[in-house]
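Starting from the known structure of chain A, fit chain B onto it as the hints suggest.
Protein chains in written order, with the numbering used here: chain A, 1 to 622; chain B, 1 to 622.
If you're looking for bench data, these hints aren't it; they were derived computationally from the structure.
Beta carbons: idealized from backbone N, C-alpha and C, even for Gly.
Treat the hints with care, since some could be wrong.
[What the hints assert, rightly or not] Straight-line alpha carbon distances no greater than 30 Å define the calculated BS3-like cross-link-like pairs of lysine-lysine that follow:
| # | chain 1 | residue 1 | chain 2 | residue 2 |
| --- | --- | --- | --- | --- |
| 1 | A | Lys189 | A | Lys301 |
| 2 | B | Lys248 | B | Lys220 |
| 3 | A | Lys248 | A | Lys220 |
| 4 | A | Lys606 | B | Lys492 |
| 5 | B | Lys492 | B | Lys531 |
| 6 | B | Lys548 | B | Lys531 |
| 7 | A | Lys606 | B | Lys606 |
| 8 | A | Lys492 | B | Lys606 |
| 9 | A | Lys548 | A | Lys492 |
[To be verified] Derived list of chain A stretches under chain B, where covered just means 3 residues or more per stretch with a C-beta under 8 Å from a C-beta of chain B:
| # | segment |
| --- | --- |
| 10 | 401 to 411 |
| 11 | 432 to 438 |
| 12 | 470 to 478 |
| 13 | 531 to 541 |
| 14 | 611 to 621 |
Protein chains: 2
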Amino acid sequence: MSLTDLLFGRPLRSSEEGGERLGPSAGISVFGLDALSSAAYGPEAALTLLIPLGAAGIAYLIPITGSIIILLAIVYFSYRQTIEAYPTGGGSYTVASKNLGAFPGLLAAAALMIDYVLTAAVGISAGVGALVSAVPSLQPHTLLMCLVILLLMTILNLRGVRETGAVFIFPTYLFVGSLLITLALGLVKSLAAGGHPVPVIAPPTLHLPTAALGAWLLLKAFSSGCTAMTGVEAVSNGVRAFREPAVKSAQRTLTAVIAILIVLLAGIAFLVRAYHIGATNPGEAGYQSVLSQLIAAVAGKGAFYYITIGSILLVLALSANTAFADFPRLCRAVAEDGYLPHGFASLGRRLVYSQGVYILAALCAVLLILFGGITDRLIPLYAVGAFLAFTLSQAGMVAHWRRKGGTRSRRSMFINGVGSLATAATVIVVTIAKFADGAWVTTLLIPAMVIVMISVRRHYDHVEGEISNPIPLDLTNLRAPLVVVPILDWNKIAQKALRFALNLSAEVQALHILCEKDAGDFCKTWNRFVKEPAERAGLAVPHLVVLKSPYRFVISPIVDYVLELERNNPDRQIAVLIPELVERRWSHYFLHNQRAEWLRALLLLKGNQQIIVIVVPWHLTA
Amino acid sequence: MSLTDLLFGRPLRSSEEGGERLGPSAGISVFGLDALSSAAYGPEAALTLLIPLGAAGIAYLIPITGSIIILLAIVYFSYRQTIEAYPTGGGSYTVASKNLGAFPGLLAAAALMIDYVLTAAVGISAGVGALVSAVPSLQPHTLLMCLVILLLMTILNLRGVRETGAVFIFPTYLFVGSLLITLALGLVKSLAAGGHPVPVIAPPTLHLPTAALGAWLLLKAFSSGCTAMTGVEAVSNGVRAFREPAVKSAQRTLTAVIAILIVLLAGIAFLVRAYHIGATNPGEAGYQSVLSQLIAAVAGKGAFYYITIGSILLVLALSANTAFADFPRLCRAVAEDGYLPHGFASLGRRLVYSQGVYILAALCAVLLILFGGITDRLIPLYAVGAFLAFTLSQAGMVAHWRRKGGTRSRRSMFINGVGSLATAATVIVVTIAKFADGAWVTTLLIPAMVIVMISVRRHYDHVEGEISNPIPLDLTNLRAPLVVVPILDWNKIAQKALRFALNLSAEVQALHILCEKDAGDFCKTWNRFVKEPAERAGLAVPHLVVLKSPYRFVISPIVDYVLELERNNPDRQIAVLIPELVERRWSHYFLHNQRAEWLRALLLLKGNQQIIVIVVPWHLTA
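So that you can see chain A by itself, here it is in the shape it has in the complex (with noise of 0.2 Å):
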């Protein structure tokens, strides 16, 4: 068993695709993740921005949650109407471009890809962040752990989706479970105490009010409670990831996923209020999350409130694997249409698309470095690409609606044009609110890619243009090529060098670089060895040209001479036969010159469609 096959399984046959997919309580865990892991951030983020109101600001979570579920629930019947036409996966990107044209489709696209590199990045740097505040001395280490999570994570993808949901289904179900059983249990001693009830552990006590209330602060606490909604896009990307009947398996994890994510929504909105849990500021001294003081409120500090605690942790650290399983995914519908490099399309070893899996970690692995693993600040960039993302979507539904017709289409193309416009609204709201926290770098970074991806389309098609060929094989003017064979020495190489050469053609010229001075000497040996033996078998003498190199370049006389070659014979190929010596061992590399290496690649580069090479082994026994 080799190395590779030990660290990502043996190779999966093209057949096997079918045993590799995922039914629906794997695949909440595969492509959910993200989207229920935002429970844990999202209300705490819009509780942040209330902290000005005091008390009186936790009433306000109540409408802002109320806005956000609805939201949820237009993208929810949008995305589930857009499995449906789009069985093969693509979400937003296949969406838009199918039905509002490639640009939007790009837009779509960039903005995903953002959000899914944020996502990795800042899921696996909340989890180590979360383990440091447990254990301190691991504090110095914070950077490389993130890596060497982020390196696991790309080993465990590059194995393939199935190994994946296996590995992640426990701590999923662990984190819904424990979360819906504190919810459940707040519900029934706050009705049981008739809404008043008493905290096993009181939370801290709120801050009087330091600002008045207005409509400015109220949105931009809606925008931060909208990266709660971030990851939902997922399961429709992934559709082809499902088994059969991959349709109704997708929409019923997305069901799943939301319907889980639209009860910890509302229930941690009403228990919030019931026990008066307002955010307390995570640069001070006596922060802790809403999620901990709700828990602990609710249920003491005891056992249960460290495994529930636990699995958030958990479940946020895994949560970057959704970037990891829907980034291929997305770069591969992309590159299907022309607009990224055709490797994303390609499946790998495990039937995973490896290429996008390595570039999702390598720029992961970037921004993880830039930041030293302390990614906070990159949270304020989310939501901008994910709800772009959801309006070009829900835009490109209602296009698709009108162009099928029908009664059930209108309703649903009704449904999508709310939508759509609820979430351009958003978009706009949540641009503007946090531009100056960073949404200005994604207002310059998704035009950018756009403009990349349009370049890419454009160079695909210009060489497909140049190198199509709908005619029949040409075969006239077949005619044996001038063969220049470079000698620096007569030896066994050169020698092989030179049979081939008269294999090939009767006009074959031999190129000897003299850098010293006894240019007498070659000749002789030639003449020798060479010379008189081709005229006494009768054979076409190979010419001997010998060039004086006075700055002992080698290289570049013989890529000279063969360019001049081919301009005094414009109607000729001219083949170079490089002699090169083969080493066995990476050791033997640094005691042979590249000298080989370098010609070839210099006349691949300086040459022209008449040129080839042809490279000569010698291979070293030792």
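Here is chain B on its own, set in the frame of chain A:
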């Protein structure tokens, strides 16, 4: 003018070598800087070990310096003779290997190489260290400054030996001149005061004795003082760099360097005693170098003090340059005997042995980075290598004179015999005295390097035996090869490759790798575009082979097929024709898969003497 020309100067013709040579005055600054600068740390190193003896210890510097001067004189006569006997340069390595055999030669070479790398790293970091103690705010940039100086020094040395000499002359003479003035002034004052001069600024009072005199202590002090002798080897290595008459020029340079060094050492020893100057502990507060105390005592802390101290620091930093001048020459000599890769023996564009410069710069950078730019701890590793080289060189000269015979030779043999015994004794003393401080590293590294060099030579000998061909060109059994053309799709690239294949041989096989299921499609295309036209033209029809690839690999099925074809046709050459798309812009690299490159590399690596690789490039116009 290209960037390369601007940085490194225009290329020099081989015939311009004469103009690049040095006279004695520039020779001192290129090859003597290392030796001369050791006057700045040798006496200090000895005095530091005498600190425990208190004021009584200072007196012992005179016998220690006396022994060092005697050693120096012996080594001088030896190298003077060596220069005459070996006018092509090479120093210890050449002398030892020509007279004592390859193994002692390699021992000397390894010892010197280690010394030069250490000299370069320690010199640069000493210079930067001095600058940092003058301008403490630069301290965080220590490593960066070291690397920048290393880079500048590398570029300067790649520009050629003459330019280096020109740049270094001024600081060298400033250093020598100001130190000689100090010594002369001190001597006059001492004599005028009857041996007890009054210092202008009194040196710090000395500690009371904390240890009694012992032989071991004196031995250690002597060993440390011996660092004053490093760098003496350089001139004899560089004879080739001198202007004709080269031997005379080199001898004059050596005489000047040694004479100045002896005067400096003797003068320092005398004045240190006259002014009661002892070393201070570098780690402790109030540290002041011996030379600084001496200059202040003789001349006060005026402008002269600062000029002299400045020139000392500059020369220490520039002494690294001796390594750059000599290491490449040493490597050249070893490479010409086949013990190092041939590349070390080829002259670069500016008539410098560029590869040696690169390697020295790289090793030096590694040391600087490993030690963060503070390489004090490397100083103990120095002297072992230098004295081992001295010993082997003189032992070699003994053998040389014995072979030559005659009265004059007998006298020379006696001098060198005494010298080699004295330096051999010093090697043993230095190794034992400094073993725990780091000399053990040198004693491990030297044999390891010798083993590597011997195995390099063995490899070359083996290759030479394998490829040498003392017989004329064999012209029997010339036969066109079997040609294999991998074709993924029918386009102009495939057409060009097929046309070239038909030029070469009547036996052409086209290889199509099938990853998806549609086997029939390509066969149809093939029949229509290739088979039928070839049949109509009455040509041998290329044979189509379709290989299925269930794991979606493209390259390995081709390689496997070619290897099998080779096994089935043991008497034929197999030419694999690889169509390759050549991108003109680097940014297009990622847009096309690099399969052609991989296939070529794998075929060369896994292939054998029968397999030839032909690259048919397709040049994109965009």
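Against the structure, the hints come out as follows:
no.	hint	result
1	Lys189/A <-> Lys301/A	holds (17 Å)
2	Lys248/B <-> Lys220/B	violated (37 Å)
3	Lys248/A <-> Lys220/A	violated (37 Å)
4	Lys606/A <-> Lys492/B	holds (20 Å)
5	Lys492/B <-> Lys531/B	holds (16 Å)
6	Lys548/B <-> Lys531/B	holds (21 Å)
7	Lys606/A <-> Lys606/B	holds (29 Å)
8	Lys492/A <-> Lys606/B	holds (20 Å)
9	Lys548/A <-> Lys492/A	holds (24 Å)
10	401 to 411	violated (count 0)
11	432 to 438	violated (count 0)
12	470 to 478	holds (count 6)
13	531 to 541	holds (count 5)
14	611 to 621	holds (count 11)
When the structure is compared with the earlier hints, violations turn up for hints 2, 3, 10, 11 and for no others.
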